[in-house]
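All chains should be modelled from the sequences, with the hints used to inform the complete structure.
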Amino acid sequence: MSGLRVINPGVRSTIQDSGRRSYRKHGLAAGGALDIHAYNWANKLLDNPVNSACVEILLGGLEAEAETDMIIAVAGAAPRIRVNGNPADGWQTVQLHKGDTIAVDPARSGRITYLATPGGFDTATWFGSRSVVVREQIEGIEAIRKGDILSSADAIAEFKPRRVPVHFHGNYSDRLTLRLMPAAQHSLFHRDDLLKLTTSTYQVSNQSDRMGFRLEGPALEHVPPGIISEGIAMGSVQVPGDGKPIVLLNDCQTIGGYPKPGTIGALDAGRLAQRLPGQELEFCFVDVADIQNERVVFHRFFSETRWHTDGTNLIWL
Amino acid sequence: MKISAVSEDSVLITLADAISDTLPRRIARLCHRIEASSGDWLVDLVPSYTTLLVIYDPVRIDFRRVEAHLKSSLRKASETGADSASGDLSGQITHDIPVYYSPETGPDLEWIARNNSLSVDDVINYHSGGTYTVYAIGFAPGFGFMGQVDPTIAVPRKDTPRSRVPAGSVGIANRQTAVYPKASPGGWQLIGRSPVSLFDPVNLSLLNVGDLVRFHPITRQRFIELGGEL
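Order-wise, the sequence lines are chains A and B. Position one of the first sequence corresponds to residue 0 (numbering that gives the first Met the number 0), numbered consecutively onward. Position one of the second sequence corresponds to residue 0 (numbering that gives the first Met the number 0), numbered consecutively onward.
No lab work stands behind these hints, which were simulated from the structure alone. Any given hint could be a false lead.
[As the list claims (entries may be wrong)] Stretch-level coverage of chain A by chain B, calculated; a stretch enters the list once three of its residues show a Cβ under 8 Å from a Cβ in chain B:
{"id": "1", "segment": "25 to 37"}
{"id": "2", "segment": "176 to 185"}
{"id": "3", "segment": "249 to 259"}
{"id": "4", "segment": "267 to 280"}
{"id": "5", "segment": "284 to 292"}
These numbers come from a predicted model, not from an experiment. Even for Gly, the Cβ is constructed at its ideal location relative to N, Cα and C.
Set out below in structure tokens:
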């Protein structure tokens, strides 16, 4: 077996694909790549099937050595990586030769970088997915450790270089507006609190992880009481008794009893997941149809475009 | 009965406003019906006390079509009587879960007895005398929320959760009871421990929403024979 041998996993690196299907009734989280924008681009660079497993690198620090000639692709927070110490840009394919080392340094803005390989990383499948949910502490489902060998599903030694057009790169330093679909207990929230939610500035708290992002800012004052626990949609904004919103992400619990004024879409959830503690954001309400249309167009783009032979442009089929 | 969009890829079916013992079975039957009648647009189902969250693939189907499909499933369910409270009970699963009730494995057993003016044996008899409905699975893989315990032994959650509750611990919180599938932090009042595995990656969750559960007391020796760990 050959592939990338992990020298240092960094702050935290895990394997993620598009997540588990049909296991939430057993109490298992969905898991999956937090930022579907950067994740899909990492796979698109290599023409990978949409569900291919990538390394999700949190904050940076990952170092690895190629045990064979291989191709990788990088997309997300890291503006550049280092190959044998020499800088190479992110958002592109990178040719590695046997013995080359790569390092993904912490980014100045952004939190998550995806590293892809042809056909995806061929790691163990659990619950129909390669996604790793560390929080559940299920034996064998673990974060990447020093010494792990991450091998490609498809062995491709040579590949014509490609780079993601600059206007598609994620920008993680912009002030973020999270578009909230009114849902769930929206009607139970006090008018003043809904107004406060959409006219205040919130900051990403340092208590933010793959389960959810806590927000700091003006607390809602008339939070409705707890509800009978119900299934939680990813992107749900729940407001516990302290009045401070928590946006629930991929590793969140399957059911919960805190009231929720609404839900953000997967693309906005990805934008949020890329934000670092202290970064500012605000909420606005939108219609579910708008978010659904945007999401559909997003996935159509990846399935219905192909690369121009120059490797720097895409063409609709 | 209400169907509402919760996100760009999920809708919530609300079947009732209050918890009842017949509802989980109805929701479980609805799950089966939806699974059998849906195409590959169906991603996941999350049944809970009074609701069913349906997660779909927005690239394959939009909200209006999901809503129409679910309405038709719900209508058929009520026409065939599968939706009625009494309903047909075929496929109703009852689990018999052995529990070693003791202060050794249930550090709150004596406190509950004192607090509720009962003997320890009373607490054990009330708890093992009931038949419980699984209302929801959540909190952790395989963790089933069950009810209702006899009001005589109902106790609130602990003010400060324990940082570690051993796997198999059987607890009470208000009128619900549950078994911790694996060691985790937890705030339920503990009365005993079961040697039964509630979750494993191959067989998944032992309990499903709508199942019935009975507990029966076993001795320390039997607990160890069955693989229980003290």
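Results for each hint:
1. 25 to 37: holds (count 4)
2. 176 to 185: Since 3 is at least three, the answer is holds.
3. 249 to 259: It holds: at least three residues are needed, and the segment 249 to 259 of chain A offers 4 whose Cβ sits within less than 8 Å of chain B.
4. 267 to 280: Violated - the segment 267 to 280 of chain A has 0 residues with a Cβ nearer than 8 Å to chain B, which falls short of three.
5. 284 to 292: holds (count 4)
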